[in-house]
Structures are given as structure tokens and as C-alpha cells.
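Keeping their order, the protein sequence lines are chains G and L.
Take the first sequence: its position 237, counting from 1, is numbered 237 in the working numbering, and each next residue is one higher.
Take the second sequence: its position 104, counting from 1, is numbered 432 in the working numbering, and each next residue is one higher.
No lab work stands behind these hints: they were computed from the structure.
We put the CB at the ideal spot given by N, CA and C, even for glycine.
Fair warning: there could be bad hints in the mix.
As the list claims (entries may be wrong) - Only some residues are given here: those of chain L computed to face chain G with a beta carbon under 7 Å:
#1 A382
#2 L384
#3 V402
#4 P404
#5 Q405
#6 S415
#7 Y419
#8 H421
#9 E434
#10 S435
#11 F589
#12 Y591
#13 P592
#14 G602
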Amino acid sequence: MTRNTDTGDDSGDALPDGGVAESGQRSGFSPVSALNERFGSDFVESSQFWLPPFLLVGLFVYGAIIWNLLISLTDFTGFGTPDYGDLDLEMYSRALADSGFVDAAINTFILLVGFTLVTLALGLGLAILIDRNIRFENTFRTIYLLPMSLSFVVTAQFWAWMFNFNNGVINIVITSLGFGRVDWIGNPDIVLWAVMFALMWQFAGYAMVVFLAGLRAIPDEHYEAAKVDGASTVRMYWRVIIPQLKGSTISASVVLMVFALKAFDFLYSLVGGYRPPNGADILATKMVREAYANLNWAYASAVAITLFLMTLGIVGPYLYYQYNRGNL
Amino acid sequence: MGTLELDGVTKVFPDGDGEVVAVDDVNIEMRDGEFLVVVGPSGCGKSTTLRMVAGLETVTSGEIRLASNVINDVKPQHRDIAMVFQSYALYPHMTVKGNMAFGLEESTDLSDEEIETRVTDAAATMGIAELLDRKPSDLSGGQQQRVALGRAIVRDPEVFLMDEPLSNLDAKLRSEMRTELQRLQSELDVTTMYVTHDQTEAMTMGDRIAILNAGELQQVATPLECYHEPANRFVAGFIGDPSMNFFDVERDGDTLIGDTFDYPLSQSTLDDIGDVTDLTLGIRPEDITVTEDASGDHTFSTVVEVVEPMGDENTVYLRFEDAPEGETFIATVGGLQRISVGDEISIEIPEKAIHLFDGSTGEAVHNRDIEE
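The task is simple: from the sequences and hints, build the whole structure.
In C-alpha cells form, the structure reads like this:
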């Protein structure tokens, strides 16, 4: 959807696709020239390329969001059609009063922050270790990245087995070390952390790859200069290398946070249904459950809009940061 | 004090199944405050030598001693050295002040006020006081160069190491910085090891020059000694621009027989040669003189092939009359002397200016006379 933002003063210039445009048409037909005047010299001529995807994306993404917003303002429930005549914020006040919603929102927030921070830290650690000219570097990189290539459904099943109370590998290891069994999935105080751990296992490799690319962009001389300047290895990384990874950190966090928000697939696959284990309900699972299990369409839409605003709160600043750096 | 000794320093890199000797048994002693320029063609091991002194490369064998202490196994951060990198290696996320303070913060226990004072002083010395709050990306190449130097001098180390610090500057700035670096080094009186491939920098800046080739030290001497009394053919050819002319000759009695000319020698020169018969005769372009009188023993008829006017002098590519086309040697003559391509001129190769090298080892057996 790029368009030429020239003021149009030079609209008589040759066009890149000059074979299509006819000069007589330009001066005689006023709406076309007016549009070109306003949006740039080839606005109308190029529209056949950008207009179809523009309309499709507009309808199915932004149109759907607006429709969803409208539904959240109705009282639509069960079968039938929503009544758009009576719009109010009732569903949002109901959500605030619903302890299930508040718990889900808190869990979402914990998952968002905890998962992102821990995964970033682990990914950075792995990236630094791999970057120190180790042997079998490519092999390790592949091993760490492999979980990322698996589907959520697969990893959820895999971790369900790992966390299994009676036969899970983790409990077997723990009991063989002399500790008691832990009910990873059944205990509402623990399950969220267990889920976070599994997600971290899956995404640390991704964070590692992003950080590794960032590290590779830092010239060797910076490491050497820091050493000659008297910094120990830890201080060198802390003061010279990691601050230069700001861009990588921001890119990786945005992706990780967005994945945390839509951890629905993982939780759905973990239990094979809309009802995640007690203590692990997040907004995404709540939203789907309200919509498709309880047919509370309007209420689910309100949850969806909340989730959308949270996502916007994450992506917005990132886009603004990129815009300020001239990347957009 | 900052005496730096390299004693039999050798560096071997593994290369596939074999190994590559990058630096081979290098011995250099630098006295406190000395400015030593290490020079050589690319790949000669000069940067590796510097990096071993910095501690960025391990030493395969031999010893590096700083103030009589062996520092082979001392980590770079504990060596009390400062290094200026070719790429400057300024930390992009820190201001100029942050860059300059970093080394002091990491390597000393100075208070924040003391660090601030020393950074301000060093910035004033380098003329970058007004840049202290800027980021490296906002600076020009010359300014970045000054910051990189400032970052080194603020540390007040025992030894400065400089790895081709001027090679990223344009020609005019480079000659300015050359002068400034010399002034700075003599003011600060800090032992400095300076690596370059540029023989002009080597000649003009150093107290002494160390010339390396293929990992081996060729000669350590003052610039003028290297120029007038080269230890071997490599040094003679590397130092000086345009470089020395070489002719392969055989000694027959008291005469040197070349492909296209004969050159009789006096007794004192013959005494230097001893019984070596396979020789290389060297003569610097500026020692060849154009003469009217073509009758002398050391005068030869030549044809002018190319003239490169430089203003103050002409670089003239000459060919002996009997030599095949393209087999030229170089003479520099006064800029006002009119010489054109195709001219036949007589030149003299004065015996007092010739160098003779052993044809097989390249060692100098006779160097030119130096008039007092």
C-alpha cells in the first residue's frame, strides 16, 4: 500500500508505468487529477495494484475488529441475531465484576511479563554462550531452535506427559532425588508457572536467534577494546555488549508478548478442551469459552476487545519506536 | 617504568591440519617513552605482534616483559596498556564522555570527580572538549579518531598500542594527525608501539622502526639507519618511495657483470664483499644523476621510457640501451630538468651511493658511504 507522496506539482513527469497512462486522460478527467493532486502523481494509476488487498485487509481485519466492538456493546447471547439498537457498556462492567475475568486478566499479565522476561534472559544467556566460539556451534543452535518449529499442540501434549503426576519424567526425577511428587497441572498455585516454563522451553531458542543476530552485528573490536580498557568479561557484557542489543531486545519482546497473549492453543491442547486447569485461565481461553461453550457472544466480544487493547498497548509503543528511528 | 621487551616471541596459528607461523622469534626492546613503529606489508605479522602485547592473542613461545615483569599470561584488563584500534571501536551507546571514562571506571578506583577531571583534561588536550556529550555516530571520522586517542591517553597507561590508527582518515587529515600524534607522544612520554603498513608514517613518526616480513623481524633501527644502512634487501626495497632499484650481478674480479652493464668496483668496496660472487646491486632513485659526460666508469647510456612529473622532481623510468623494452629502473631528477620520453641520456651511478646485497640470502654486504 505504498503511494507516492509527492505534491503532484510534477505530475506531468514520466511515470514508471508510463505505458498505461494516457496524457489526454490526465488533463481532461477532473476526479482522477484531483485525487492525483492530493495523494501523489500515480495514485489512481497504481490503485489497481494496492486497492484489492487494501479492501480485503480493511474488511476482514479492521472491519471485523469494528464489528466485534459493536457486538461487545450489545447484549447478544445464545442463538439469533444481535440487537444493535441498544448499545451500552454493560458487558464491560459485568467483566470487571466477574472474578473469573479478573483472575484471567491477572494470569494473562503474569504470563505476559514473566514469560517474556525469563525467555529473554534465557535466550540472551544461550546466545552469549553460543557466540563465544564454542565447538559444534551450529548443532547447538539447531537443538535450541528446534522446539520453536514444533506446533503448540505437540509441545502441549509433550509437556502434559512431562508434568504427569504419576508417570511424568519430572516427578520421577524429583522422587528419585527424595522429594515428594508435585501436582504440576492440578495445583492452581503452580500450574501457571508450569505453563510458563513449558512456553519458555519452546521460545527461548527464538530469543536466542534474535540475540545471536544482534551479537554478530557487534564488531570484535568492541569486545577487545573493553578488555583492554580493563573490564572483566561480565562487566564487558553488562556495559558494552548488552546495551547494544536494545534493538534485538525490543523486537524479541514484542514477538514473545504477542505469543504470550495467544497462548490459547497451548492451554487448549494441554487439557483438550475449553476449560484450562484451575489457575491457568487467561483472557484468550476465557474469550473462546464464553463464546463457543457458553454462547455469551457479546461478553466474549468484550473480552476480545480487552485483549485487543492489551496487544495494542504492546505493539503501539514498538511501532512508535520504529517510526522514530525512521524504519517505518 | 614502561620498558617493553619482546624476547623470542613466536605465534603459531593452527591452519587445518598444519600450522601457520605468523610471528617468528621476534626480539625487540623498547626503552621507556620510546615511539616504535612496526611496519611491514600486509600479512607480515605486525598486527599479531601488537595483539600479543595487548593480550588479545596468546603467545606460542617466547616472553613479553613489561617493566621487567613477564606478562604472557596476564589478562588484557590487567596489563595497564591502552590500545587505539583501526576502526576506533568507540562504544556507540555511550557519549564521548562515557567512552573516555569507561576505562578509568573499569580499571581504577578513582572517584567520580577525579574521573570527570581527567576526562575533561584529556578532552582539552585532544581538542574535543565541546564534543563530550555527543554520541560517536554524530562525529566525523577525524573527531572519532580524536576520541579514540583521548580514550587511550585518559588512562595514562604504561604503554600505548596503536593499530593503524590513521588508515581510515583522508590524506590531508592523516598528515595533520601524524604531526599531532608525534607531538602528543613526546609530550606524554609514554612508550608507544605503533603498527602501520605505510612507510611514510614509519619514517616520519618513529624514534625507531621495526620492519617485519613474513613474521620475521628484518631490522630495528632509526628511520635514517633503515634508509641508508638497510640490513637486507627487503628493508632496502620496503623503505623509500620510489623504492630502490635492484640489479642482479655476478662479481668477476673487481667488476660486477650485469645483464646489460658492467660496473667496476674500488678496493674498499671489494673488501666489504669478501668472496661473495652472486650479488644484488642496489641504488636509490635520487642517487642516480644525469650527466653530460658519458666517459666515466660508472656512467651509462639509457633511454627514457616514462616520465612522471611530480612538480618538485620528475620520476623517470629509464632503460639501459641494450636492455629489452619494459625492463626499466627509476631515477628521480630535478623538476626543472627537461626530459622527455624517447630521449637518450647518460646517467651516473656513483659508487659511493650503491648498496650490495648477497644474492642468495639478501643480507647487505656493503652499504652506501654516508658523508659526515
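Check your understanding: Which numbered conditions among the earlier hints are violated in the structure presented, ordered from lowest to highest?
Key -> Violated hints (numbers, rising): 3, 11, 12, 13 and 14; every other hint is consistent with the structure.
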